[in-house]
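Number of protein chains: 2
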Amino acid sequence: MSEKLIKSLAGTRDILPWQWEKWHALHDAARRQFSIYGYGELATPIIEEAALFIKGTGESTEIVEKQMYTIDAAGEEDSGNAISLRPEGTPPAVRAYLESDLHKKQKFQKFWYSGPMFRREKPQKGRLRQFHQIGVEAIGGDSPLLDAETILLADAIYRDAGLKGYRTCINNIGCEECRPRYRENLRTYLRDRSDELCPDCVRRLDRNVLRILDCKNAPCKETVADMPSITGLLCNGCKDHYRTLKTVLDAQGLDYQEDPHLVRGLDYYTQTVYEIKHEELGARDTICGGGRYDGLVAQMGGPELSCVGFAMGVEATLIAMEAETEPDEATSLNPDVYVVCFDEPARIKCFEQLTMLRGAGLSADMDYEGRSAKAQMRSADRTGADFCMLIGGLEIENCEVTLKDMRSGQQWKAAWDKGADAILDALA
Amino acid sequence: MSEKLIKSLAGTRDILPWQWEKWHALHDAARRQFSIYGYGELATPIIEEAALFIKGTGESTEIVEKQMYTIDAAGEEDSGNAISLRPEGTPPAVRAYLESDLHKKQKFQKFWYSGPMFRREKPQKGRLRQFHQIGVEAIGGDSPLLDAETILLADAIYRDAGLKGYRTCINNIGCEECRPRYRENLRTYLRDRSDELCPDCVRRLDRNVLRILDCKNAPCKETVADMPSITGLLCNGCKDHYRTLKTVLDAQGLDYQEDPHLVRGLDYYTQTVYEIKHEELGARDTICGGGRYDGLVAQMGGPELSCVGFAMGVEATLIAMEAETEPDEATSLNPDVYVVCFDEPARIKCFEQLTMLRGAGLSADMDYEGRSAKAQMRSADRTGADFCMLIGGLEIENCEVTLKDMRSGQQWKAAWDKGADAILDALA
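Protein sequence lines correspond, in order, to chains X and F. Mapping to this note's numbering: the first sequence position 284 is 284, numbers consecutive. Mapping to this note's numbering: the second sequence position 310 is 1310, numbers consecutive.
Simulated from the structure, these hints should not be mistaken for laboratory data. We put the beta carbon where it would ideally sit given N, CA and C, even for glycine. Please note: incorrect hints may appear among the correct ones.
[Stated by the list, open to error] Quick list of simulated restraints, FRET-style, between CB atoms: (1) X:Ala82 x F:Ala1428: 51 to 59 angstroms; (2) F:Asp1417 x X:Asp28: 28 to 36 angstroms; (3) F:Lys1122 x X:Met227: 51 to 59 angstroms.
[Said to hold, decoys possible] Dumping the calculated SDA-like pairs for lysine to any residue here, alpha-carbon to alpha-carbon at most 20 angstroms: (4) X:Lys122 x X:Ala283; (5) X:Lys122 x F:Ala1073; (6) X:Lys105 x F:Trp1018; (7) F:Lys1105 x X:Glu369; (8) X:Lys349 x F:Lys1246; (9) X:Lys349 x X:Lys374; (10) X:Lys104 x F:Ile1015.
With the rest of the complex left out, here is chain X (with noise of 0.2 angstroms):
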């Protein structure tokens, strides 16, 4: 090797061939469940214009402030506006919808999406910079059941892909008439403490005081800690909206617990917000969040519509997955039939009866760089291959094949238009 290898980037990850077990039975899990619970596929650019975020993340939010990766569009055919990679999945989800029109059509609509989301955070154990979630979006609907029926959702998600060990924590925030007073108590409350904030979150204590409940600073966490909880100052709207959720959750036996404490780091959420953690992760313990965000489809230029959603984690979740059940194993691929070639003339017959194999739905491999027969049987075991198929001068002359049970050892032979029907009967 001559010159140095190009690496892949820090915060990004390849999956190879034999780590995908737990990413597939996350996703068809989540997938089934969209199906029940009636939430249509949606799938939006990786990229957007930069302001589609600003406007709706939040132009405070860590997020848009420090996390954004954004291209220079200076100069293009088209806006020249500045684009960014998608660092989240709520704004391209109000945006398709009202660039769809649908809200005219139909003002309900259930959203359900899945992909990679890209934040600039600081390369480190657990946080990628390029990472997935899987995430709905319920637009048009103020029912508290609604909020209810995104946390059993996931809920449903989670314990179909078997996961066990997580808990549900939900909390009310509050709507624009009854936050800006709970604002103003932390605000005091938290000005008499502020020699003991960081200075990002002293900086937030005029910006943006209810960011401060959501710092990951120690000295902050511990300050905030006592705080003064909105629950008593919420409005009776509020209240209203937050017990009715609870009344249906209970009666659905749901396990959750409230945390008076528990506020999203995004700007747009109001009232419902919950987060689902695990005990495996650790200080960054959520491996879904989500909360009714009310306010934001107004505020991206659409009309007045109340709206829920939550977005999993996929990385988070499969570090749970992971912790409690056995590690994927590195699977092979499993072939039904690996075809051995005993004699070099005959590999071109052999790739005709591969060809036969595979047409006939079987999954089928031979070897392609040109190895001894023996070097072939061994490829045949590694890939664990239930039957070979043995192809040498000798089956060419007598127009068969020989079959091998790669399990018991057996060997028969089969006409050589017959194969494919042989492990068929073989595998049946």
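Once you've looked at the hints, dock chain F against the given chain X.
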């Protein structure tokens, strides 16, 4: 609506819930055939070091020269090197193969991938800046049988997906031994006609004369139409390789055409190149392109390895599929059951039934907008529900539910806790 709506970027698009039918048909077909053909799933990140494509795809290619989305990463904690959105899948696959040390364990590996790619092309009809590819890379095999395998695999995917009006074109563009002679011939031929070429192609005369064969400008296309083909200049190795490939494809009955002018727009191809074209696509009619790239791995700093692969354009293929068949129907979600609430106080009890239905694996939905019973029945109709479950004060008093078959109009009652069973019976 007070503010201007932010739109999606030119050259990107959403996929809405009723636009997935052919997308999934193609991807499901591909997944089935990858399993039959023994290709393992590989995911690489969307973002990579720009150098990966400069080195891998080739500095003088149009993609790298003009079309890469690149993020200046100066000031980053890590490398500080420029970051690109991947414009194609082959260099990342090779990087993943080398970085994971797969080649040390087992040299020969077959991968497939699918996902978004990004090229900053001029936005125009049918050319997306975020588009999608399904591709394979077989690394470490030099047999022409392997070239045949990938061509037959692409064909198997299209057949499995139900596509018909496509044709496969093949060529051999020589190896590092015989191509220089051809390049010289071509340069001499085209230099005499350089006044007929576009300025880009005049520049290509010295830098990369083969790329002129791929120019989309009409005058350049005409100029190269009568150029000498490489076929007569191939070395014996390339001739043999090409002959074997054709023999094998003939034996399989694959209907292909030889096109001595076929080159691919990437620098790394050697020997076999192929394209699958579809009659419905007009000037840019390639829906799948591939070939052998025997020099790339070493060029990227790895060992000398022979490789072959293809990439299907998902959007181009979907255009072809849609031209051949009915466009996707605007399918609704078709839940098994829609729960209709007849009296407002019953709404929470409706939600209870909804959860019981879903718990039984039935797809079920209800209204979250507080609409009238009549409007809810309209929703049940519109979503294409098979059954309605009607719940009002009377049902709750009698501890039962009313069920309605939406096709026959027939109504019947079931005990409160037998609603799901009754629907399951009726569906069976």
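Each hint, compared with the structure:
1. X:Ala82 x F:Ala1428: 51 to 59 angstroms: About 56 angstroms separates the Cβ atoms of Ala82 of chain X and Ala1428 of chain F, which means 51 to 59 angstroms holds.
2. F:Asp1417 x X:Asp28: 28 to 36 angstroms: holds (30 angstroms)
3. F:Lys1122 x X:Met227: 51 to 59 angstroms: Taking Cβ atoms as reference, Lys1122 of chain F and Met227 of chain X lie about 55 angstroms apart, which means the hint holds.
4. X:Lys122 x X:Ala283: holds (16 angstroms)
5. X:Lys122 x F:Ala1073: holds (13 angstroms)
6. X:Lys105 x F:Trp1018: Since the Cα atoms of Lys105 of chain X and Trp1018 of chain F sit roughly 14 angstroms apart, the hinted pair holds (cutoff 20 angstroms).
7. F:Lys1105 x X:Glu369: holds (15 angstroms)
8. X:Lys349 x F:Lys1246: holds (14 angstroms)
9. X:Lys349 x X:Lys374: holds (19 angstroms)
10. X:Lys104 x F:Ile1015: OK: Lys104 of chain X and Ile1015 of chain F at ~18 angstroms, within 20 angstroms.
Checked against the numbered hints given earlier, the structure satisfies every one of them.
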